[in-house]
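Visitor: In the UniProt record's numbering, the protein residues as written are 1 to 304.
Possibly wrong hints are sitting among the right ones.
Quick list of in silico lysine to aspartate or glutamate cross-link-like pairs, DMTMM-like style, CA-CA up to 25 angstroms [as the list claims (entries may be wrong)]: (1) K54 to E18; (2) K188 to E32; (3) K81 to E32; (4) K45 to E18; (5) K21 to E32; (6) K21 to E48; (7) K14 to E60; (8) K81 to E158; (9) K95 to E18; (10) K187 to E27; (11) K259 to D279; (12) K291 to D279; (13) K188 to E48; (14) K151 to D99; (15) K233 to E217.
Worth flagging that the hints you see were computed from the coordinates, not collected in a lab.
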Amino acid sequence: MLLTIGIPVFNGQKYIEEAIKAIIKCELSSNEVEIIICDNASTDKTIEIAQTYKSVKVIEHQENIGFDGNLNRIFNYACGKYVWAIGADDLILDKNINDLVSLLRNTNCGVIFIGGVDSISEPYRILSNPEEFLIMSNFRSGFFSNNIIRKNLWVNCELKQFLASGWIHYAVILQAICMMPTIVTRKKHVIENPGSNEVKTWNRNGAGLIVGLRLVEIFQVMPKWGYGKQFIKRTKGVIKNSYPREIIVSKIRGLKVSKSLLEDFIRLFKEFPSFWLRDLWFLLIPSFLYKIPAYVLKLLKYGT
Numbered sequence: 001m002l003l004t005i006g007i008p009v010f011n012g013q014k015y016i017e018e019a020i021k022a023i024i025k026c027e028l029s030s031n032e033v034e035i036i037i038c039d040n041a042s043t044d045k046t047i048e049i050a051q052t053y054k055s056v057k058v059i060e061h062q063e064n065i066g067f068d069g070n071l072n073r074i075f076n077y078a079c080g081k082y083v084w085a086i087g088a089d090d091l092i093l094d095k096n097i098n099d100l101v102s103l104l105r106n107t108n109c110g111v112i113f114i115g116g117v118d119s120i121s122e123p124y125r126i127l128s129n130p131e132e133f134l135i136m137s138n139f140r141s142g143f144f145s146n147n148i149i150r151k152n153l154w155v156n157c158e159l160k161q162f163l164a165s166g167w168i169h170y171a172v173i174l175q176a177i178c179m180m181p182t183i184v185t186r187k188k189h190v191i192e193n194p195g196s197n198e199v200k201t202w203n204r205n206g207a208g209l210i211v212g213l214r215l216v217e218i219f220q221v222m223p224k225w226g227y228g229k230q231f232i233k234r235t236k237g238v239i240k241n242s243y244p245r246e247i248i249v250s251k252i253r254g255l256k257v258s259k260s261l262l263e264d265f266i267r268l269f270k271e272f273p274s275f276w277l278r279d280l281w282f283l284l285i286p287s288f289l290y291k292i293p294a295y296v297l298k299l300l301k302y303g304t
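Working from the sequences, and respecting the hints, build out all of it.
Guide: As structure tokens, then:
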């Protein structure tokens, strides 16, 4: 088996059928490509919908094992040499799929970034430097559906310590791209379902800020995998530079800055002067000072 396309899902009834249909539309050979769905104890009709498609292998969990655990199960159950995990709200683009399958047949790389790289003129580029891979992908390899990963690399990477991080895929990618050459493709092979562009419930009460901190915790492990100090600082800076806005939005949405959260910020970003001069103060300013102007702006925009 060449490729496993896997969908880790929880309560995905709204989009799962479109995701499956987009894969089937590609008319891929069942001798080369399999489709599996790992359902994380959904309470809606996700399983019922998925089971109507005979070409799809549905794996049910009796209890919710979390995002990381479910994604890891995709790789454990996969029969393909390569595994492409996508979200239930993602759509594979059939017009580019034959080029991608042909590339997989004739390559021997560890990770293929298929989120699209406009800066290259050739159909794809093989890279041997892991830092170059991260830069060329503009760190968008953090979106798990943008990557096809060689199964034997995934199962041999450090996994256990990242099973509650929400970022197990990125921890694996950071390791895997140090083990084998990688590929970036000029064409994009997957998009988010246009109908899913709604406010994400996971970001309520400032949870998105915490998700970013968990990712930076993984960056702290990068020296162990051979990355240089300055590159790690640059990588952390990508997250930190989004924080002035994210802190304000998170506090408006109800984030409470506890002592432990403040200590985490200091531990992870103390090397950045701008953290001390700007970000720290954004964290310390009382939430009501953000909420008042936000409320006034809302009134001006929508009225009473």
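Visitor: Run every hint past the structure and note whether it holds.
Guide: Evaluation of the provided hints:
1. K54 to E18: The hint holds at about 15 angstroms.
2. K188 to E32: 21 angstroms, holds
3. K81 to E32: 10 angstroms, holds
4. K45 to E18: With a Cα-Cα distance of about 14 angstroms, the restraint between K45 and E18 holds, given a limit of 25 angstroms.
5. K21 to E32: Holds: K21 and E32 sit about 18 angstroms apart, inside 25 angstroms.
6. K21 to E48: Satisfied, since the Cα-Cα distance of roughly 15 angstroms is no more than 25 angstroms.
7. K14 to E60: The hint holds at about 18 angstroms.
8. K81 to E158: 19 angstroms, holds
9. K95 to E18: Given pair K95, E18 holds - Cα atoms ~16 angstroms apart, limit 25 angstroms.
10. K187 to E27: 19 angstroms, holds
11. K259 to D279: Answer holds: K259 to D279 is near 15 angstroms, not above 25 angstroms.
12. K291 to D279: 18 angstroms, holds
13. K188 to E48: 31 angstroms, violated
14. K151 to D99: Status holds; Cα separation ~20 angstroms.
15. K233 to E217: 12 angstroms, holds
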